[in-house]
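S.K.: One-letter residues, chain by chain:
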Amino acid sequence: MASKYLKSEQLPAFLESLAKNARVVAPFKRDGVTQYEPWQSGKDVELDVLLAKQSPKEYVFLQTETYLKFGYEMAPVPEGAEGEDAVPYETVKVDPQNEAPKQVIFGLRPCDVRGFVQMDQVFGGYGGFYFDPLYNARREATTLLAVTCREPRSTCFCTSVGGCPSSREGADVLFTQIEGGFFVEPITDKGEAIAEAAGAALTDPTDTQATEANEAKLASATKVDPAFDLEGVRDALHDNIADKRWADLAMRCVSCGTCTYVCPSCYCFSINDSIVETKGDRYRCWDNCFNPVYTEETSGHNPRAKKMNRFRNRFSHKFWYYPDKYDSLLCSGCGRCIANCPTRIDIREVIRVMGAPKEAPAASGAVAASAAAAAAVAAAADTTTEGKEA
Amino acid sequence: MSRQDHIREFAANALTEKRVDYFIGWKQGYNSSEMIPAFVTDPAEADQLVWNPLCHHNLVTFIKRNMPEPADAKVGLCVKGCDSRTLVALLQEGLVDKDRLYVVGVPCDGIVDRRKLEKMFSSEITEIEFPERGKVKVTTRAGETKELDQKDVELIGCAHCRYPNPLYSDNTAGPLEKEPDREETKPDWSALEQYESLSDDVKQALLEKIYATCIRCFACIHVCPVCVCWDKCVNRSRQPELVSQKVGPKENLLFQMVHMFHVAGRCPSCGACDRACPVEIPLGLLHAKMNKEIYDMFGFEPGVKLDEKPVFQVFDLKDQFGD
Chain A
1 MASKYLKSEQ
11 LPAFLESLAK
21 NARVVAPFKR
31 DGVTQYEPWQ
41 SGKDVELDVL
51 LAKQSPKEYV
61 FLQTETYLKF
71 GYEMAPVPEG
81 AEGEDAVPYE
91 TVKVDPQNEA
101 PKQVIFGLRP
111 CDVRGFVQMD
121 QVFGGYGGFY
131 FDPLYNARRE
141 ATTLLAVTCR
151 EPRSTCFCTS
161 VGGCPSSREG
171 ADVLFTQIEG
181 GFFVEPITDK
191 GEAIAEAAGA
201 ALTDPTDTQA
211 TEANEAKLAS
221 ATKVDPAFDL
231 EGVRDALHDN
241 IADKRWADLA
251 MRCVSCGTCT
261 YVCPSCYCFS
271 INDSIVETKG
281 DRYRCWDNCF
291 NPVYTEETSG
301 HNPRAKKMNR
311 FRNRFSHKFW
321 YYPDKYDSLL
331 CSGCGRCIAN
341 CPTRIDIREV
351 IRVMGAPKEA
361 PAASGAVAAS
371 AAAAAAVAAA
381 ADTTTEGKEA
Chain B
1001 MSRQDHIREF
1011 AANALTEKRV
1021 DYFIGWKQGY
1031 NSSEMIPAFV
1041 TDPAEADQLV
1051 WNPLCHHNLV
1061 TFIKRNMPEP
1071 ADAKVGLCVK
1081 GCDSRTLVAL
1091 LQEGLVDKDR
1101 LYVVGVPCDG
1111 IVDRRKLEKM
1121 FSSEITEIEF
1131 PERGKVKVTT
1141 RAGETKELDQ
1151 KDVELIGCAH
1161 CRYPNPLYSD
1171 NTAGPLEKEP
1181 DREETKPDWS
1191 ALEQYESLSD
1201 DVKQALLEKI
1211 YATCIRCFAC
1221 IHVCPVCVCW
1231 DKCVNRSRQP
1241 ELVSQKVGPK
1251 ENLLFQMVHM
1261 FHVAGRCPSC
1271 GACDRACPVE
1281 IPLGLLHAKM
1291 NKEIYDMFGF
1301 EPGVKLDEKP
1311 VFQVFDLKDQ
1321 FGD
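Residue numbers (this note's numbering), protein chains in the order written: chain A, 1 to 390; chain B, 1001 to 1323.
The set of hints was computed from the structure by calculation and includes no laboratory data.
Remember, it's a predicted structure, so these values are computed and weren't measured experimentally.
Do not rely on the hints blindly, as some may be mistaken.
[Claimed, not checked] Okay, derived cross-link-like pairs now, DSSO-like style, lysine-lysine, Cα gap no bigger than 30 Å in a straight line:
{"no.": "1", "chain 1": "A", "residue 1": "Lys29", "chain 2": "B", "residue 2": "Lys1119"}
{"no.": "2", "chain 1": "B", "residue 1": "Lys1074", "chain 2": "A", "residue 2": "Lys244"}
{"no.": "3", "chain 1": "A", "residue 1": "Lys306", "chain 2": "B", "residue 2": "Lys1119"}
{"no.": "4", "chain 1": "B", "residue 1": "Lys1146", "chain 2": "A", "residue 2": "Lys53"}
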């Protein structure tokens, strides 16, 4: 599909045109904090801050999602009914909710996109498991317009988990910031439709602009420090499950859920009923494996009673259980969990220590930065749509 | 001998003498701009402990109910002035066992607000140094370097700190800091003036707005040293659902109100909740407001005297009930 060019000053008009047919979500800075919010005319998109505090997953996998309204009511007794038929009885009326308005998320990073791609497995029925209609309806109605990272943070490690700051994987369109604007690459049919609808806002790029975009991609990839060697991590986590070092690493964990709620791929939720008199909502809301009552059973027994058990679960799930079940990692290397953890627990350190073979001391993950970055860019260029369409 | 040297020596001795199973202090995180809690078990590793104005973590959190691992461990820890008040609050209520603690008091002349710094630079902060007392040198990933006065970038509570020196400790790391005259000066609540000047409607709207972004990660209550209910927290209860698990402005406000009331008279405004909040909600506002009310009504400052009972554990007919 043909690449395009979007002038920086055309960005508001471009978003305005998208907003005619869909809700537009983008990162905005409010009181010094950058978060994904619905776009309104006149609001300036924040792209200088690399990562919003949270990933945009909440726009597809809602933090609170009421999916059923229900009510108890007495069934009317038919006129002239006799005997058993005349005894009034209670019925439950249920009213499923599944709203999935069209939306476009602009300004998310390739690691944010990859969070969706990874999460798609669990909600999408991969391997014959449950197909979640709520998530999939929203996912289907969502178009992802990713922006190549310009200044990766020191906590970024996408290239260590097979990603890249300019990865096209799962994105519908990839924007790369160049002199005066964006180099725009529509990737999927959805992305192509967006490009067409934008009309005159997008122009044909020059060859120089294409070259500039490629250079920008390579430059950003070289700024991502290698964090660890993924090879063998899964087996090492398996072998090290009873290792004492888990307890050492978990010591400074306060068992809150920050890491999981800022994560682009953590997807645990709980289901609650809220009832007032005879009417109620059934809703799901995010839950996390650090919650002290996570996995607590009705009997009172909790298989993950201790902080250390719950701590171990998060990392093992991302690099061992999930890959085993869904053939995908559950980490895209955004590093939000590191930067937002109240005690700065470092997932890279955990994987370096616990993901290393038992005998050997912690591996340094020494991979030549530039070579790894170049390989990642090359791999990303080959990747087309490995999301749901594939 | 610097405070840091004192801390290292106290820690190494306590571990060598088997006075403690482990010692909690601060060490450098993934770069020199981040200090993190350190758990030292080997006396030889005591030299990784550091002390500088980035050591903001209130380590008392790690000795509250359900945190010490194992539960009966003998623990050594460092406390700053504000941290020590949370420890005193726990001791007043008998929630920790003094005999299993070894406390090193660290006199403190102010802690840097890293978030304040972050907002002054467009690039990520990767290095912070303290070339001399009162000076902060910040370097970003883009290579920009700036030297700042520490007083300009300190935490909100540091400017009017009444207790720079720990109120409870077994040993003190170096000489005491200069104390304000507490007989003459009252706690400074000027940070609340703007909030208090608002009408009720505006206050309600403001509170709903600032809590609207809460993601209910529970970082605020888990780092709170005096918040001890843990798995029995009413805010977590799903059956019965006393506080809605739904995430929204009103529900979030109720959640935070519950926290405020449960720590009232026990919270000395150490600010741990503020610093832990990933979405930077000014959580300390309501706690400070509650502290002011309690001070005005009862003349009580939480966590100050070991033999004092927390204000809500006593009943006194002479108490003032406000106007």
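S.K.: Now, for every hint given, state plainly whether the structure supports it.
M.R.: Outcome of the hint check:
1. With a C-alpha separation of about 11 Å, the suggested pair lysine 29 (chain A) and lysine 1119 (chain B) falls inside the 30 Å cut-off, and the hint holds.
2. Distance restraint check for lysine 1074 (chain B) and lysine 244 (chain A): the Cα-Cα separation of roughly 19 Å lies within the 30 Å cut-off, and the hinted pair is therefore satisfied.
3. Our distance criterion of 30 Å between C-alpha atoms is broken by lysine 306 (chain A) and lysine 1119 (chain B), whose separation comes to about 37 Å.
4. Between lysine 1146 (chain B) and lysine 53 (chain A), the direct Cα distance comes to roughly 25 Å. Compliance with the 30 Å bound is thereby established for this hinted pair.
Hint 3 alone, counting from the list given before, is not met by this structure.
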